[in-house]
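K.L.:
For reference, the chains in residue letters:
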Amino acid sequence: MTSLSAKDKDRVRAFWAKVSGKEDEIGSDAFSRMLVVYPQTKTYFSHWKDLSPGSAQVQKHGKTIITAVADAVTKIDDLTAGLLSLSELHAYKLRVDPGNFKILAHNLLVVLSIKFPKDFTPEVHVAMDKFLAAVARALSEKYR
Amino acid sequence: MVVWTDFERSTIENIFSKINYEVVGPAAISRCLIVYPWTQRYFGGFGNLYNAAAIIDNPKVAAHGLVVLKGLELAQKNMDNIKATFADLSKLHSEKLLVDPDNFKLLTDCLAIVVAAELGEDFTAEVHAVFQKFLAVVVASLRKQYY
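Just so you know, the protein sequences line up as chains A and B, in that order. Those letters in the first sequence? Residues 1 to 144, by our numbering. Those letters in the second sequence? Residues 1 to 147, by our numbering.
Here chain A stands alone, though its shape is the one from the complex (with noise of 0.2 Å):
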């Protein structure tokens, strides 16, 4: 798809300059609520004992998640090398089908319009939906 003009980028980090202090509960609510409302998604956590939204390993790895995409943010000029190795972990190790990013993209978009329902404006969406998934895409290079 297309790329990010020079306007998204400013507005993803202008935007996520408010979302600061909130990341963590953002990322907990965005990745339990994926695995409530998208159950497909938790084939991939079978390994867990608990995925309900409470388990402490599902808090944590939603701070895992938003630590990373927060870093992206930093990393938005080039994405491709700034993702590298997060690439290589989801291609070779996790292997991930890349549809789940998607998902839990729209998840993390759901859980912005819920915390900041006046700055999460369409312009604020496009430009952030614009930004996850050029996240997804970095994360996919490595996977063929």
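If you are wondering where the hints come from, they were derived from the structure by calculation, not from laboratory data. Keep in mind that the hints are not guaranteed to be accurate.
Claimed, not checked - Taking lysine-lysine pairs in the DSSO-like style, the calculated list, with each CA pair at most 30 Å apart, reads:
| # | chain 1 | residue 1 | chain 2 | residue 2 |
| --- | --- | --- | --- | --- |
| 1 | B | Lys-144 | A | Lys-118 |
| 2 | A | Lys-142 | B | Lys-105 |
| 3 | A | Lys-7 | B | Lys-60 |
| 4 | A | Lys-22 | B | Lys-133 |
| 5 | A | Lys-142 | A | Lys-130 |
| 6 | B | Lys-133 | A | Lys-42 |
| 7 | A | Lys-7 | A | Lys-130 |
| 8 | B | Lys-96 | A | Lys-60 |
| 9 | B | Lys-105 | A | Lys-7 |
| 10 | B | Lys-70 | B | Lys-18 |
| 11 | B | Lys-133 | A | Lys-115 |
| 12 | B | Lys-70 | A | Lys-102 |
| 13 | B | Lys-18 | A | Lys-115 |
| 14 | B | Lys-105 | A | Lys-9 |
| 15 | B | Lys-105 | A | Lys-42 |
| 16 | A | Lys-49 | A | Lys-7 |
| 17 | B | Lys-77 | B | Lys-96 |
| 18 | A | Lys-18 | B | Lys-18 |
| 19 | B | Lys-18 | A | Lys-118 |
| 20 | A | Lys-49 | A | Lys-130 |
| 21 | B | Lys-60 | B | Lys-144 |
| 22 | B | Lys-144 | A | Lys-42 |
| 23 | A | Lys-115 | A | Lys-93 |
| 24 | A | Lys-18 | B | Lys-105 |
| 25 | A | Lys-7 | A | Lys-93 |
| 26 | A | Lys-22 | A | Lys-130 |
| 27 | B | Lys-105 | A | Lys-63 |
| 28 | A | Lys-102 | B | Lys-105 |
| 29 | A | Lys-142 | B | Lys-77 |
| 30 | B | Lys-60 | A | Lys-130 |
| 31 | B | Lys-133 | A | Lys-102 |
| 32 | A | Lys-42 | A | Lys-142 |
| 33 | B | Lys-60 | A | Lys-22 |
| 34 | B | Lys-133 | A | Lys-130 |
| 35 | A | Lys-9 | A | Lys-142 |
What the hints assert, rightly or not - Derived CB-CB ranges, DEER-like:
| # | chain 1 | residue 1 | chain 2 | residue 2 | range |
| --- | --- | --- | --- | --- | --- |
| 36 | B | Asn-48 | A | Lys-7 | 12 to 22 Å |
| 37 | A | Lys-60 | B | Ala-84 | 42 to 52 Å |
| 38 | A | Ala-81 | B | Asp-80 | 52 to 62 Å |
| 39 | B | Glu-13 | A | Lys-22 | 26 to 36 Å |
| 40 | B | Asn-48 | A | Lys-18 | 29 to 39 Å |
Quantities reported herein were computed from a predicted structural model and do not represent experimental measurements. From the three backbone atoms N, C-alpha and C, an ideal C-beta is built for every residue, glycine too.
Assemble chain B onto chain A, guided by the hints.
P.N.:
The following block gives chain B in isolation, referenced to the frame of chain A:
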């Protein structure tokens, strides 16, 4: 046949009673036209869709948002038979409007995001899951008459 639990029925009824149609309908459709601009191809007669502000201010877009939401309400009132209820609507979208059915998902994604903003923390994962199931049934019903 789609099976709905009591929790799912009451959750959907709850959502529709809480949301303001005049806000959610127009917001969802304008968001779709902004976030996925290629969907504008179906709205050539709507006038100025030049940028986000124009889309949000466009009265035809707003009116259409309400039409879409009334359609969803129809599904909610006929939850046990959405497929049959939407047979004509499906034919309309496929034969007359010629809408690529993959676009339905784009609109329902925007709907989830707009309803999430409306309901705030009440849009829990459980409520979200029920709404997602409802939207999936609606989309499948709309796709049914495509050949």
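K.L.:
For the pair we were handed, Lys-18 (chain A) and Lys-105 (chain B), check the Cα-Cα distance against 30 Å.
P.N.:
Judged against 30 Å, a Cα distance of about 29 Å means the pair holds.
K.L.:
With a cut-off of 30 Å on the C-alpha distance, tell me whether Lys-49 (chain A) and Lys-7 (chain A) pass.
P.N.:
Answer violated: Lys-49 (chain A) to Lys-7 (chain A) is near 43 Å, above 30 Å.
K.L.:
Compare the distance between the alpha carbons of Lys-142 (chain A) and Lys-130 (chain A) with 30 Å, and conclude whether the hinted pair is satisfied.
P.N.:
20 Å, holds
K.L.:
Given the hinted pair Lys-115 (chain A) and Lys-93 (chain A), is their alpha-carbon gap at most 30 Å?
P.N.:
Violated. Lys-115 (chain A) to Lys-93 (chain A) sits at ~33 Å, over the 30 Å cutoff.
K.L.:
With the threshold set at 30 Å, check whether the alpha-carbon distance from Lys-105 (chain B) to Lys-63 (chain A) stays at or below it.
P.N.:
28 Å, holds
K.L.:
If you check the beta carbons of Glu-13 (chain B) and Lys-22 (chain A), does the distance land in 26 to 36 Å?
P.N.:
Between Glu-13 (chain B) and Lys-22 (chain A), where Cβ atoms are some 31 Å apart, the hint holds.
K.L.:
With 12 to 22 Å as the target window, see if Asn-48 (chain B) and Lys-7 (chain A) comply at their CB atoms.
P.N.:
21 Å, holds
K.L.:
Are Lys-70 (chain B) and Lys-102 (chain A) close enough, with their CA atoms no more than 30 Å apart?
P.N.:
29 Å, holds
K.L.:
Given the hinted pair Lys-9 (chain A) and Lys-142 (chain A), is their alpha-carbon gap at most 30 Å?
P.N.:
24 Å, holds
K.L.:
Please work out if Lys-49 (chain A) and Lys-130 (chain A) have their alpha carbons no farther apart than 30 Å.
P.N.:
Roughly 34 Å separates the two Cα atoms, so the pair is violated.
K.L.:
Taken at face value, is the distance from the CA of Lys-118 (chain A) to the CA of Lys-144 (chain B) at most 30 Å?
P.N.:
Violated: Lys-144 (chain B) and Lys-118 (chain A) sit about 37 Å apart, past 30 Å.
K.L.:
Given the hint that Lys-18 (chain B) pairs with Lys-118 (chain A), does the C-alpha gap stay at or below 30 Å?
P.N.:
19 Å, holds
Checked against the numbered hints above, the structure breaks hints 1, 8, 16, 20, 23, 25, 29 and 33 and satisfies the rest.
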